[in-house]
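Enquirer: Spelled out from the first residue to the last, the chains are:
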Amino acid sequence: MSQQSYDKQNPAFYALLVALIFMAVGPIILMLSTSLKLTVDIMSDTSSFFFLPTIHNYETVLCNVLWYEPQGLDYCNPTFGRALGNSLIIAITSTILTLIIGCMAAYALVRFRFMGRDTVSLVTLMTRMVPPAVLLVPIFGIWTFQFQIDGTRMGIILIYVAMNLPFVIWILQSFIVQVPIQLEESARIDGAGPLQVFFLIVLPIIKPGLAAASIFTFRIAWNEFLLANALSNRNTRTVPVTIVNSLTEYNLDWGVIMATGMLLAIPPIIFTFVASRQIITGMTAGAVKG
Amino acid sequence: MNTSLANRLTPYMFLAPAAAILLVALLYPLGYVFYAGFLNWNPSQRIGQAEFVGLRNYINLFHDESFRESFFVTLRFSAIVVSLEMFIGVGLAFLLDRNIRGMSALRTLFILPMMISPIVVGLMWRYMYHPTVGFFNRTLKSLGFEPMPWLLDGDWAFASVIIADVWQWVPFIFILSLAALQTLPQSVMEAARIDGANGWQSILYIKLPLMMPVLVITFLLRLIDSFKVLEVILVLTNGGPGLSTEVMALRIMRTATEFRELGVAAAMSNILLMMLLFLTVAMFLYNKVTEMRAMRLKNIAAEEA
Chain A
1 MSQQSYDKQN PAFYALLVAL IFMAVGPIIL MLSTSLKLTV DIMSDTSSFF
51 FLPTIHNYET VLCNVLWYEP QGLDYCNPTF GRALGNSLII AITSTILTLI
101 IGCMAAYALV RFRFMGRDTV SLVTLMTRMV PPAVLLVPIF GIWTFQFQID
151 GTRMGIILIY VAMNLPFVIW ILQSFIVQVP IQLEESARID GAGPLQVFFL
201 IVLPIIKPGL AAASIFTFRI AWNEFLLANA LSNRNTRTVP VTIVNSLTEY
251 NLDWGVIMAT GMLLAIPPII FTFVASRQII TGMTAGAVKG
Chain B
1 MNTSLANRLT PYMFLAPAAA ILLVALLYPL GYVFYAGFLN WNPSQRIGQA
51 EFVGLRNYIN LFHDESFRES FFVTLRFSAI VVSLEMFIGV GLAFLLDRNI
101 RGMSALRTLF ILPMMISPIV VGLMWRYMYH PTVGFFNRTL KSLGFEPMPW
151 LLDGDWAFAS VIIADVWQWV PFIFILSLAA LQTLPQSVME AARIDGANGW
201 QSILYIKLPL MMPVLVITFL LRLIDSFKVL EVILVLTNGG PGLSTEVMAL
251 RIMRTATEFR ELGVAAAMSN ILLMMLLFLT VAMFLYNKVT EMRAMRLKNI
301 AAEEA
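So the sequences go chain by chain: A and B. Numbering (the UniProt record's numbering) for the first sequence: 1 to 290. Numbering (the UniProt record's numbering) for the second sequence: 1 to 305.
In short, the hints are calculated from the structure, not lab data. Please note: incorrect hints may appear among the correct ones.
Stated by the list, open to error - Think about it this way: if two alpha-carbon atoms lie no more than 20 angstroms apart in a straight line, the pair counts; the simulated EDC-like pairs of lysine to aspartate or glutamate are:
| hint | chain 1 | residue 1 | chain 2 | residue 2 |
| --- | --- | --- | --- | --- |
| 1 | B | 141 | A | 41 |
| 2 | A | 207 | A | 184 |
| 3 | B | 288 | A | 118 |
So here's chain A without its partners, still in its complex pose (with noise of 0.2 angstroms):
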């Protein structure tokens, strides 16, 4: 198998393929074409493939973050900007978090021996498959009676670094694992500490680990809807919550919902074809370490 030569394959195998290709991204196409289309291209028969694209959905739902003032809009929905900038912060501060936090952690569990390892091992097997709809009741009653920081950023932030802590720190761990041991030794012997190996010679061998960690995190906090919509108040919205709360208008704009849509599906599918092999390498870490 290692000469470069492709295997032949009968016409059946392509047409198989094709088919894969088109369920697999099928309904994104559609999202994506229903968002450039009018309301009058979204009812009519003959408009499914033939129609003049528009961006009129994404100024109604951008409107008051644009930097020019939109023409014949029907109406401007201030909420969708605002948590478009909240998802961006809440997601992007707690992946940042997550991956420090659970860096060094897994970085314990793998080169040190100490009292209570296997417990701290077990414990983030175990909680990762805590599902947000079971921490919602404690997570409302804490943030909101004890903590007090229901409704603020930071209490968002707080519950998503926990939830991403244990799988980032289970799959960091397979990559550090092949980190070669005698790299910090010899670095240990020329006089660096602890935290200077740490930063020095291991956080920069385990890139795509981290990489792959740190889109697992994102899109958890990006996708994110239960808990967001437990604490968040009128200006901590994020995008899931505003998409949520904006089905139950009677009759719903298609065009725009769908731009809303895409706007909240484009950061994840930048990372897939930015990165797609460390998301598979980390899948298979995961999963086969797990």
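Given chain A, put chain B in place with the hints provided.
Expert: Okay, now just chain B, sitting in the frame of chain A:
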């Protein structure tokens, strides 16, 4: 002595931030929800003011028709989606385990569905299931068929929700099984070919058994995740029509936010948590067993060499 103490403290220093956050924001809430299950508690009270009712929430839940329904909806949903996804995902892995041009680009396209927010997956499919402007009924109409009541009828809605979930999660099984397939030892495959095994025989008697550890873990991971399903269903059907698609997570959310019965919602959460704990322990034990078996095989191989 000072340095050895510092050395001994190093691991704890690295662990401290993670331990602090997990304690405060995960383990403490889990203890809290366990306790809250014994309370008659509504969102306007502090937890200390809530009345302690012992096991009453659990006993009431046992007799609660709609909670039982959500329990069975969840079980049915998980059983169907996970078996469908395993079947299709593993099957696709075998079909596409070939040396073809552009395989990595293909894999990128295939993992797109699982990267997209469940809320957006719900939106896309809700649009496609739309009675008049949706893709499915439009296609049926242009082919001369009657439109289908996708989300309007209990059984249809359940099937529709399953289709959306399968669309999103088949890639997960596919990617993991493909990775398992492609890391199978080439020498074993060669030996099987020389011994005259045909395609089906090598799949059934060699590839599948060798992939089994990965497949079991994939199955358990997916099963655990399918018990947590919420957003796709919330957007698609909001649990309806009736209670036909109301899974446990949705029931918990309803009970807490609409009915404002935090104690009851906590009791439901604990039941869901117990089910998941059971699955996780199963996964953990299976892992230990396969690890031990691999070690023993390695030892045998070492002795023979």
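Enquirer: Take the hints in turn and mark each one as holding or not.
Expert: Verification of the hints:
At most 20 angstroms may separate the alpha-carbon atoms for a hinted pair to count; residue 141 of chain B and residue 41 of chain A meet this at roughly 18 angstroms. With a C-alpha separation of about 16 angstroms, the suggested pair residue 207 of chain A and residue 184 of chain A falls inside the 20 angstroms cut-off, and the hint holds. With a C-alpha separation of about 13 angstroms, the suggested pairing of residue 288 of chain B with residue 118 of chain A holds against the 20 angstroms cut-off.
Hint compliance for this structure: every hint is met.
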